[in-house]
Amino acid sequence: MDFLVFQYPMITIQACLDGLLLGILFALIAYGMALQWGVMNIINIAQGDLVILGGYIAYFMYLYGIHPAWGVIVSPIIMYFVGIAIYKLVINKVVDRDLFISILATFGISILFMQLMNFAFGADVVLANSGYGTTMLFDNNVVLPNSKIFSAFISIVFAICLVVYMKRSKLGRAIRATAQNARAAKILGVDTEKVYAATFGINAALCGVAGALISITFTIHPYMGLPYTIRSFMIVIVAGLGNLPGVAMSGMGLGIFEEFADYILGTEFRIGSVFLLLVLILVYRRFKLSRKREYLK
Amino acid sequence: MNKNSWILYIGILVFGLVAPFIFPAFKVQLSILCVLIVLATTWNIQGGEMGYNTFGNILFYGLGMYLCASVQVGMFFPLAEWTESGGEKTFVHTPSQFFQGMAAGLLVAAVVPTIVAGLIGYAILGLRGHYFAICTLGLGVAAGEISGGIEIIGAGQGFTTPPFPNIGGLEARGEFFYFLSFGALVLTFIAVRAIYTTRFRLILNAIRDNEDKAEAMGIETMKYKITGWMISAFFCGLAGGIMGGLVGYIDSTDVAFDGREMGVFMVLMAILGGKGTLWGPIIGATLFHFFKEGFWTFFLGWQYVALGVLIVVIVIYFPEGLMGWLREKYPERFGEVVDEADRKAQVELK
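Those protein sequences? They're chains X and Z, same order as listed. Under our numbering, residues 249 to 545 are what the first sequence spells out, in order. Under our numbering, residues 50 to 399 are what the second sequence spells out, in order.
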């Protein structure tokens, strides 16, 4: 236990800024999850593993001498096709089925990816060094790596691009129509199969961007995927489906929570506290709804 | 119960009792199989009968494992020093201490998770469907992460359970743990079979089929859901305690709260055999154990890849499991009356 965080305001500011920048990244991943959840009614447990895979793409570019920031462009392109492949092989068989089936199937994919990445890239914790240096604030008391600022900026750019794309483009309209009512969309000539594939691909691409940014800013490891899934799930249930500002806000809130949990409880409880927070949020919402004799649907 | 099923039960019981002497090399495997069957059967109470698909039974399993070992050590020696010194090097259990500790430990390992299940169940059994699934997944992982940070039970470096006392060597150890786990299996089977003949099972099935309607019919669903969950927790805790002693070493995320292995295994085994049946999880667990050992032996290193593929294949192509398939093929055997004309008409439609 370490309560330094309350005695020194600088540490508080540090934690808040770190959490904010981290939270924007979480929000990007959560946006992908909200998209596929809303459109296809699927909860993808492999979300976090897609993120990590995207991170490894950027890391390998770094190993071969290309600046890892380019991973932000390359990784989503590769991940888009990975996403389409996963959709064609597995997801299209579970779309209309019981939700638990999709959870279990994606859990299987998650285990598969974890292990394949472990074989391919080794079990070491790695990071791609961007060499961006740091920014000092408040008389050098608050240290912000420029890579974090860069990653938050890129996340915002990608999120805005996606929102505009969903609003303006033909595919975006088709996706939104399918989310509202898949059957009606089908009757009106939308190829829902194609829409689903594209949605899953876009989600994977978003994960790829986030992964590339994570490999620059933090570290990646084959087994680190599940916490990202849980985080994005948590963000989505707090914000609600299709509530984009809500996703951004709750993402940042989660980031700040995590940084404080890290300072106060210690790093070894960081992931545990995230998972516990998920349980607490669900329990809170369950009791709040049960007063009106309703339940989370 | 008719004569045939009595013969079947007695046959299985006799086989179970003599199995370690027929296959002396596979005692540990057989003990693990018993534990797996217990886990699959108890998962089936939630996932199959009640329709609450949980990833969280691993919580009780891990809890039971830690509690059993802690009680077994803590009754005679200071726990903190035990874990710090890596266990057996400084303190040695005498045989009577070991068995007393094991008995007390198993009792605690069964009772405390039951109480925990009651408390947690009250909080989270109001969630439905996928929210419940993800919530329990979170609980299991959180328990693993948190127990990995607690010093007194070994934190990250693990907890060595008391070694079997030096009487009879490896043979005696294998037999002791085999009969312990077989006993747990028999106990579980009798309990679950007894439950499945009562109204309780019908209520659980009503909850699965339509919870709102069950509530409207005047069933206090919450009470029954919690009871079902507590029954599961009791046997999961017991199984965990036995498994802890059998493995001999407890690690927070790799052995006790191993959501990636045991937590998924129990779901898979129940689904493979057919959920919502008495025999499904047992058959599923047996098949799965054979598959798994094959994978683990022949694809060493690739076992998780094989596991991931297996999950996807089972879930996509056999969501009803073996018993579901048999039921579709031979509905008469399951007590369903099928009109012959009706069946023919269906075939023609296809």
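Among the clues, some could well be false.
Straight-line alpha carbon distances no greater than 27 Å define the calculated DSS-like cross-link-like pairs of lysine-lysine that follow [stated by the list, open to error]:
1) Z:Lys262 <-> X:Lys341
2) Z:Lys378 <-> X:Lys536
3) X:Lys536 <-> X:Lys442
4) Z:Lys272 <-> X:Lys540
5) X:Lys540 <-> Z:Lys262
6) X:Lys434 <-> X:Lys540
7) Z:Lys272 <-> X:Lys536
8) X:Lys442 <-> X:Lys341
It should be emphasised that the hints constitute simulated quantities derived from the structure, not laboratory data.
Status of each hint after checking the structure:
1. Z:Lys262 <-> X:Lys341: Given pair Lys262 (chain Z), Lys341 (chain X) is violated - Cα atoms ~30 Å apart, limit 27 Å.
2. Z:Lys378 <-> X:Lys536: 46 Å, violated
3. X:Lys536 <-> X:Lys442: 39 Å, violated
4. Z:Lys272 <-> X:Lys540: 19 Å, holds
5. X:Lys540 <-> Z:Lys262: Holds. Lys540 (chain X) to Lys262 (chain Z) sits at ~17 Å (cutoff 27 Å).
6. X:Lys434 <-> X:Lys540: 36 Å, violated
7. Z:Lys272 <-> X:Lys536: 19 Å, holds
8. X:Lys442 <-> X:Lys341: OK: Lys442 (chain X) and Lys341 (chain X) at ~14 Å, within 27 Å.
Going through the hint list in order, the structure does not satisfy hints 1, 2, 3, 6.
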